[in-house]
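Undergrad: Sequence:
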Amino acid sequence: MNAFLALVAILGVSASGPLMAGASAPALAIGFWRNALGTLAIVPFTGASARAELTAMDRRGWQTTAFAGVMLAIHFGTWITALKMTSVAAATAMVSMQVVFVVVIDRLRGVRAPGAVLGGMGLAIIGVLIITGVDFQLSARAVTGDLLALAGGLTAALYLMAGSRVRERLSTTSYTVTCYGICAVVLGLACVVAQVELVSFSGRTWAAIIGVTITAQLLGHSVLNHLLAVMSPGVISLLLLLEVPGAALLAGIFLGQTPPLGVYAGLALILSGLVVVVLRRPQPDVVLAE
Numbered sequence: 174m175n176a177f178l179a180l181v182a183i184l185g186v187s188a189s190g191p192l193m194a195g196a197s198a199p200a201l202a203i204g205f206w207r208n209a210l211g212t213l214a215i216v217p218f219t220g221a222s223a224r225a226e227l228t229a230m231d232r233r234g235w236q237t238t239a240f241a242g243v244m245l246a247i248h249f250g251t252w253i254t255a256l257k258m259t260s261v262a263a264a265t266a267m268v269s270m271q272v273v274f275v276v277v278i279d280r281l282r283g284v285r286a287p288g289a290v291l292g293g294m295g296l297a298i299i300g301v302l303i304i305t306g307v308d309f310q311l312s313a314r315a316v317t318g319d320l321l322a323l324a325g326g327l328t329a330a331l332y333l334m335a336g337s338r339v340r341e342r343l344s345t346t347s348y349t350v351t352c353y354g355i356c357a358v359v360l361g362l363a364c365v366v367a368q369v370e371l372v373s374f375s376g377r378t379w380a381a382i383i384g385v386t387i388t389a390q391l392l393g394h395s396v397l398n399h400l401l402a403v404m405s406p407g408v409i410s411l412l413l414l415l416e417v418p419g420a421a422l423l424a425g426i427f428l429g430q431t432p433p434l435g436v437y438a439g440l441a442l443i444l445s446g447l448v449v450v451v452l453r454r455p456q457p458d459v460v461l462a463e
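Here the sequence shown stands for residues 174 to 463, where the numbers follow our numbering.
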């Protein structure tokens, strides 16, 4: 049963990129509705204990939670935009570099990484350079998408690190509904300021937005959070890496995307390097982004 649930979760998160890339709606609007609908789906499961936890949280806790919510909003804004500018395979591979950014941020805070982790990071960075080089030959738009996806990886890393602090005092439900809610508010304000359309979409686009909320939020990350009770954080982190080839495969099937072979070569290097990083660095508690 756990293996089946893991398969469902990986298929769920893998569908995220292709669904958002194929939705005919602005990136900020997709990010807003994904988090707003996700928040609404979780609210019924919050009870008195969640309200008590949030009421007892001090000012520093709220500041950290707000920071995490803002970083999550920037993550969605940059990554979803990247999905519309470059291939799903390239964007998903780039955003998965959040694992490397976590190690870099830890190093800036004085935490040293084992040599094998540094080697894995180097391998992943070579993969990034290969994909960027291939996209540079295609168009400046594709390279911009790559850079935005990397920015999405950085902000996801900041979200994860801030969330790990707050999760010491909040339950999963309390933290998730609060952070997703803040994220939705930030993205909603960004839509208003940028005068982004939020409602007038086709039925197909609404189906994609609702679909990504169900697959990624409910069937993907919620199931993985459940599996944390029976699987180690290291195994969950490795399962999350399967989103990269999974998204590339689904984009090829449903969107007809066939990036140059160089992109797949870079993707393979990134995955190989990240596997080394995940396996060889000390395993922290996993807080699942998205």
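What the hints contain is simulated information worked out from the structure, not anything from laboratory work.
Be a bit skeptical, because a hint or two may be false.
[As the list claims (entries may be wrong)] Under the rule of at most 25 Å between Cα atoms (straight-line distance), these lysine to any residue pairs were calculated in the SDA-like manner:
hint, residue 1, residue 2
1, Lys257, Pro199
2, Lys257, Glu341
3, Lys257, Arg453
4, Lys257, Asn175
5, Lys257, Val403
6, Lys257, Phe218
7, Lys257, Phe177
8, Lys257, Thr345
9, Lys257, Gly425
10, Lys257, Gly306
11, Lys257, Leu452
12, Lys257, Ser344
13, Lys257, Ile298
14, Lys257, Thr346
15, Lys257, Val365
16, Lys257, Val276
17, Lys257, Leu428
18, Lys257, Ser337
19, Lys257, Gly292
20, Lys257, Leu444
21, Lys257, Ser312
22, Lys257, Gly384
23, Lys257, Leu291
24, Lys257, Met174
25, Lys257, Val408
26, Lys257, Pro455
27, Lys257, Ala441
28, Lys257, Met404
29, Lys257, Ala363
30, Lys257, Leu414
31, Lys257, Gln310
32, Lys257, Leu178
33, Lys257, Val449
34, Lys257, Tyr348
Undergrad: Hints numbered earlier in the text: which of these fail when held up against the supplied structure?
TA: 2, 3, 4, 5, 6, 7, 8, 11, 12, 14, 16, 18, 19, 23, 24, 25, 26, 28, 32, 33 and 34
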